[in-house]
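> With chain A held as given, fit chain B onto it using these hints.
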Amino acid sequence: MDQTELLREVVVSALSDGRHLKVCGQGSKRHYLPEISAEISAEMVSTVEHTGIVALEPEELVVTVRAGTPLKVLRQELARGRQMLGAEPPEFSGLGTVGGALGSGFSGPGRPWRGSLRDSVLGIEVINGKGERLKFGGQVMKNVAGYDVSRLNVGAFANLGLILQASLRLVPQPDHSRTLCYELDGEAALRFCRQVAQQPYPVTATFWHDDNLSIRLEGAESALDAAEARLGGQRDATNGLWSSIRDQRHVAFSAMAESGAVRVICPPNAPAPEGLDWSFEWNGGLRWIWTNALSVNIAEYVHRANGWAWQLGCEVPIESGQKQIMRRIKQAFDPGDVFRSPLNLLSNLDGSDAD
Amino acid sequence: MTDWSFNKNLVLELLRGVLPQGNLITDHAGLRPYECDGLTAIREQPWLVALPETEQQVVSIVRICNEYGVPIVPRGAGTGLSGGARPHEAGVVLGLSKMNHILEIDPENSVARLEPGVRNLAISEAAAEFGLYYAPDPSSQIACSIGGNVAENSGGVHCLKYGLTVHNVLGVRVVTSDGIVLEIGGAWYDAPGLDLLAVLCGSEGMLGIITEITVALLPRPDSVAVMLAAFRNFTDAGVAVAEVIGRGIIPAGMEMMDKLAVQAAEQFAKAGYPEDAAAILLIELDGTELEVSGLTAQVDRIVRTAGAYHVDIAESAQEQLRLWKGRKSAFPAVGRLAPDYYCMDGTIPRRELGRVLAEIAALSETYGLRVANVFHAGDGNLHPLILFDANEAGDLEAAEEMGGKILELCVQVGGTVTGEHGVGVEKLNQMCVQFNPTELEQFFALKAAWDPNGILNPGKGIPTLTRCGELGGMHVRHGELPLPELERF
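Residue numbers (the numbering used here), protein chains in the order written: chain A, 1 to 355; chain B, 356 to 844.
With the rest of the complex left out, here is chain A:
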């Protein structure tokens, strides 16, 4: 249902009354970020009623979809034409919406091979902090007219505006999928992934947990046979393995609910963390450390690994020079500071509010 005008009115009236808004979908990613400070009264503006697939054109490899549409509904609709979003964005409890996925910018286990969710965005329609309805990008893949505001909005956690709808690039569903398993410790699993990555194998995901490495191969059956003959390993026929990793329902993630998690992004060849309970995706480019605190020990490891770490439920760490530019960009889109986001660009690095 098209709620564009209604949503625009909400923003316009908040702006004129000096009220703050926080944009939300179903709240399926609430555990990732800190709650917006209770001292700041920000009203919830929900996009969940703004639903529907506006245009689906399988032969153009593009879908245009409203923000409130559940990812699951979109995925099922795309599957009818044997297509999908290459980034496999997490659906979490099955509630995740397109707007929430775009706002957070998270990608699933296939990210290094099929690109991120941001990569698939061709165009976007937003309401900025001035209540203006703006369109950037389009429905075509090659498009260099103007600054890439579409992709800038992905992962912005609604700092720059309320995403109304987006046009997303699709990829064909692979004809065949096969998972190979290997019993390897963390360091050996990382090494094996590196070797595999330097050859043109049809790999589309990797996951390591509890000394067990899973590698997903997808494509033509002949390509999978050829790869399996060279890679060896045991076939794993577990149903829904990769969607359970995507949605963080896999047993590895139970530690997340129990004790929390630190999400580490680093070069895949960074050493394995020692003496920590951990898992990895993306050939080691995404590592989960199952712990409730970003200890000195972990901070040192992340520094050595030349990556960055984010303790779930806490603020995203952003280097101060970049944060300054980001703050100015926010002000360019939302000069009246209407949108309050859990990705707080207004705070200083020490957590205090900026001027």
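Some clues are possibly wrong.
20 Å max Cα-Cα, derived EDC-like pairs, lysine to aspartate or glutamate [claimed, not checked]: (1) B/Lys-516 <-> A/Glu-57; (2) A/Lys-130 <-> B/Glu-796; (3) A/Lys-135 <-> B/Glu-763.
Source of the hints: derived by calculation from the structure; they are not laboratory data.
Chain B alone, transformed into the frame defined by chain A:
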């Protein structure tokens, strides 16, 4: 900010203090090569050219220019086709060609770390010993630089499958207008906070100066096949493209040419193209050996069913080069058909191809100017080449006007005024068609967030609301392409 008066003697002295002798060009003869980029119709002599060798020198230059209000026009290899590196008469051209070192090829993480002046093709050459390559391959890849590729978000014939520059860059070091160095991203995926990397890609040097780039490298595919399919009409060729993609096949490249382009290319390159074809498709498939042979058979069936009357599958690497040669020489070949041509660069949804070509044919009739069409069919990027003779009174203006109409048509059908050449100064007018004033204002606000004093590449990319820029075009005289040694396709 339009007042560019500053104390030239003072600024010159300051710049001399930060650059080695010989890296600052101020004499008329020395400045001449910097008067234009690949858009040679529009020329301007800059005040001076600065050629830094280090990031620290870039920082110093930017700080001086920002303090005294001196415009900076960043320049890579100068191969761009939209005038993005057109100098500013009162400003500094900041040429990054001396920063041309490959800092690291890191096969373990499948990345390369590069200075901005590194040539596109040099990356793949350096990575070859590890069986890796850099995927985006703009037609000027032997000369164009990676810094320029980031500024323009360059594509290439393989971007249907492997994406544009933005999909293959993992990190940059960028000097902001106030001379601060930011390190965004790195040898890993997804940096925290707003996606600054995405907005820097394709920003045409208007937001910051890129001093280092980390790109992703891919393993070379085991096997590649190239095939040609000839059709008696354009519609059938369009159906074939839709069918291939509709069946879930993503070719590495898929190119289409119309009759005039085919004839010109064949006479020029002797690639074995059937000259009686109304349209040809050139399709490249890659993957494992078995996969490619399976795909080739499948695509062969699809194109024949769609109406191809002739299919030529290259049997050897040499044959593949022959088939590609015709397509890659299409621009110079068309250049022999008339004294001048204009190269347009719109993108359209593929389903609109028939309608757009029919309207281009009608415009061709109305203006009395012939048009040859080459088309990156997989991704909808259309390059109509408008033939004209600048010695005929009114021909140039007619070609420009017709070109503008074609781009407006691209916007009307849901496409864009520039697929891969950038806006620069060339397409400022058409930007007014694609974006409304509110959207343009938002672009300006974003620009001001990065560059409050407006010193970086002023007047490019985004038209002011009151003035919609000069027109230009890739204007080719007597078949003499700008930078004729480069392939253009």
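> Does each hint fit the structure? Answer for all of them.
Verification of the supplied hints:
no., hint, in the structure
1, B/Lys-516 <-> A/Glu-57, "18 Å, holds"
2, A/Lys-130 <-> B/Glu-796, "12 Å, holds"
3, A/Lys-135 <-> B/Glu-763, "17 Å, holds"
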